[in-house]
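Chemist: So you can see what is in the structure, the chains are spelled out below.
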Amino acid sequence: MIIDPVLLQQIINGLSLGAMYALLALGFTLVYGILELINFAHFNVFMVSSFIGMWALELLGLSGQSTVLGGIALVGALGFAFIVTMLAAGVLGVAIERIALRPLRNVRGTAAMITTIGVSFILFNVILLTVGAGSMNFPNPMPVVRWDIGGATLQLREVLIWAIALLLMVGLHLFVERTRLGKAMRATAQDAEAARMMGIDVDRIVITAFFLGSALAGAAALIFGLYYNFTSFIIGYTAGLRAFTAAVLGGIGSITGAMVGGILIGLIESLGGHFFATRWADVIIFSLLVLVLVFMPSGLFGRAAATRA
Amino acid sequence: MTIGINLPVTGADAHDAELIKDGALLASDEANAKGGVAGYKIKYLILDDGTATAGQYDPAQAATNARKMVSDNSVIAAIGPQMSGSGKAMSPILSQGNLPIITPASTNPDITDPKFAGQYRPAGKAIYFRTVTTDAFQGPNMANYFAETLKVKSVYVLDDSGAYGVGIADAFQKQAEKRGIKMLGRDQLNPKEADYTTVLTKIKSMNPDALYYGGVAQAGVKVVKQSYDIMPKIIRAGGDGCYGAEILKGAGFPAAEGLYATIAAPNLLDNPDAKPFVDAFVKKYGQQPENYSITAYDAALVIIDAVKRVAEGGKEVNRANVRDAIQASKTKTLQGVVSFDDNGDITNREVSVFQIKKDDKHPLDSVLHQYKYLGAARQSSRCIRRISLLTAV
Chain X
1 MIIDPVLLQQ IINGLSLGAM YALLALGFTL VYGILELINF AHFNVFMVSS
51 FIGMWALELL GLSGQSTVLG GIALVGALGF AFIVTMLAAG VLGVAIERIA
101 LRPLRNVRGT AAMITTIGVS FILFNVILLT VGAGSMNFPN PMPVVRWDIG
151 GATLQLREVL IWAIALLLMV GLHLFVERTR LGKAMRATAQ DAEAARMMGI
201 DVDRIVITAF FLGSALAGAA ALIFGLYYNF TSFIIGYTAG LRAFTAAVLG
251 GIGSITGAMV GGILIGLIES LGGHFFATRW ADVIIFSLLV LVLVFMPSGL
301 FGRAAATRA
Chain Z
1 MTIGINLPVT GADAHDAELI KDGALLASDE ANAKGGVAGY KIKYLILDDG
51 TATAGQYDPA QAATNARKMV SDNSVIAAIG PQMSGSGKAM SPILSQGNLP
101 IITPASTNPD ITDPKFAGQY RPAGKAIYFR TVTTDAFQGP NMANYFAETL
151 KVKSVYVLDD SGAYGVGIAD AFQKQAEKRG IKMLGRDQLN PKEADYTTVL
201 TKIKSMNPDA LYYGGVAQAG VKVVKQSYDI MPKIIRAGGD GCYGAEILKG
251 AGFPAAEGLY ATIAAPNLLD NPDAKPFVDA FVKKYGQQPE NYSITAYDAA
301 LVIIDAVKRV AEGGKEVNRA NVRDAIQASK TKTLQGVVSF DDNGDITNRE
351 VSVFQIKKDD KHPLDSVLHQ YKYLGAARQS SRCIRRISLL TAV
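Same order as they appear, the protein sequences are chains X and Z.
Under this note's numbering, the first residue of the first sequence carries the number 1, and numbering increases by one thereafter.
Under this note's numbering, the first residue of the second sequence carries the number 1, and numbering increases by one thereafter.
So that you can see chain X by itself, here it is in the shape it has in the complex (with noise of 0.2 Å):
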């Protein structure tokens, strides 16, 4: 069979979407598992670390895109991009759940889902007041390298996207499902007052969660900038909504449900576009969500899935 090349793009397109998509949604999925709580600020948590990614890259010498590395030196780059981003991540949301949200632990109601969209406005105007309004040049060290597959270009870019994604997803599953933390998170997801009782820290289960969800958020932030070469302070806003669309779709909680949701999202996304037009795409994904939420509405992997975490 032979797909027309342009679509086939388009299907690369989505798919690298769907990568950071997926890498954001496990974000809210962890903590709503969790907390039954929907976070907001994963938004802008998302926002800043593209920044912080940005100040990492240009900390090495790097900016815009006139320095290309190779080989090793491009490997060094791009791992210690990812661990000061993923850890300054972590750190920020473990920040926010600590300052802002256990105070309102036991508070019932949406007290604790209006912070978090306090918390995102804060992060929000930080930026936006500290570093300014306009696009920042995202330094990209990557060589242009374009492989040609039935008509359609794949860059190295995009591979190395796919596989970081891939690699952190994988990562995050064997943690959850093989580690005794993992499992820890598991029984408090279930029933947390249980968990409590049997011994396990429900606090630090909590951080855990913060943790991961945010350092992956970071991930997907400099995914972010590497596959577009910009980054402001407004990309929290589009980026948050279609993965936090992704999490609602798949099911949230479940992360499995997060990382597929992601990935459709993604190629919704191009898809629609490519078929329909790209204005369409936002009233294409939402559409589906809602049809999705009348007819199972605990999205496609939601609560009866054994992965929920």
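What the hints contain is simulated information worked out from the structure, not anything from laboratory work.
Some hints here could point you the wrong way.
Said to hold, decoys possible - As a list, the in silico SDA-like pairs of lysine to any residue whose alpha-carbon atoms are at most 25 Å apart:
no., chain 1, residue 1, chain 2, residue 2
1, Z, 192, X, 271
2, Z, 192, X, 194
3, X, 183, X, 194
Since this is a predicted model, take the numbers as computed values, not measurements.
Add chain Z to chain X, keeping to what the hints say.
Modeler: The following block gives chain Z in isolation, referenced to the frame of chain X:
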């Protein structure tokens, strides 16, 4: 005596808005240093129509700002806005307050078009003046440039869904079709979206000679960047939304290299007459001005001159008299003698074409050094005929 200023000094166009604001302030500062205008010291009411939620100019905020200016009795005239979307929101409010405004940058023709007078100047008189011409010339003239100079045979048109972007893209498209350029498609972008690869991939598959983008920097930066990545060899062009430091900073090189952009004014930066202005600007603000810094400076000169004439004529310096004086302007400015037609449009309709060519010897975000002036874009003969008809009437 206060001059209101409305510009998006926060948001995606902040850098360029700042350069426009500084141009206006320089004129008023110079006047104040000479003892003011007709005994008045000029003060400013500087309002920002950029909002965090929009990430760029926000017409709703512009409307609020217009009300603020109208309700402040000391404000006798205003400068701004940079963006046509804001202009559309402000103009009806200013009309009802009889407060004249001079825009140094917003180019959407509808605002001053007598066809829409009921909408944009319900009180009747022209209050929206411009020291730049409109997209009724900027778009079509670039289409002529495409057909004649760049020999473009087919084009795909994008806009950023804003009032300015849609307007200039429409005007371009119409003239391009008239000139026999094949229109392969038209799509609208959401400026908050990060990813335009889908639509650009689609465009690539149609293999057009050129891509025309109508819009401002927020989406523009991404269009420039991603189009270079997907179609490095295609001819890319835009209007004055693509002329500015934000594009240079956000898209960077090599993505920005080769981009064509127009402005709705004569190119003055290299002009020896503007040298004292450029020197004073650099000395005061520590950076190079843009052409729209000059049109803003000119706008302030027009207001100052109008106030002077009102005072010298022995009349009260109020909004109505200043408006009438602006309408009757024959003010000597950096771009020559500025005068307006009955709708508030400037009578000089020059459109200048630039191309980004990297110049390593200067800062890479310096508009003066990275945009090379190519010449004036020719007006459509039909347009000229229509204007001469209008002026005859």
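Chemist: Indicate, hint by hint, whether the structure satisfies it.
Modeler: How the hints compare with the structure:
1. 192(Z) / 271(X): 19 Å, holds
2. 192(Z) / 194(X): The hint is violated at about 44 Å.
3. 183(X) / 194(X): With a Cα-Cα distance of about 14 Å, the restraint between residue 183(X) and residue 194(X) holds, given a limit of 25 Å.
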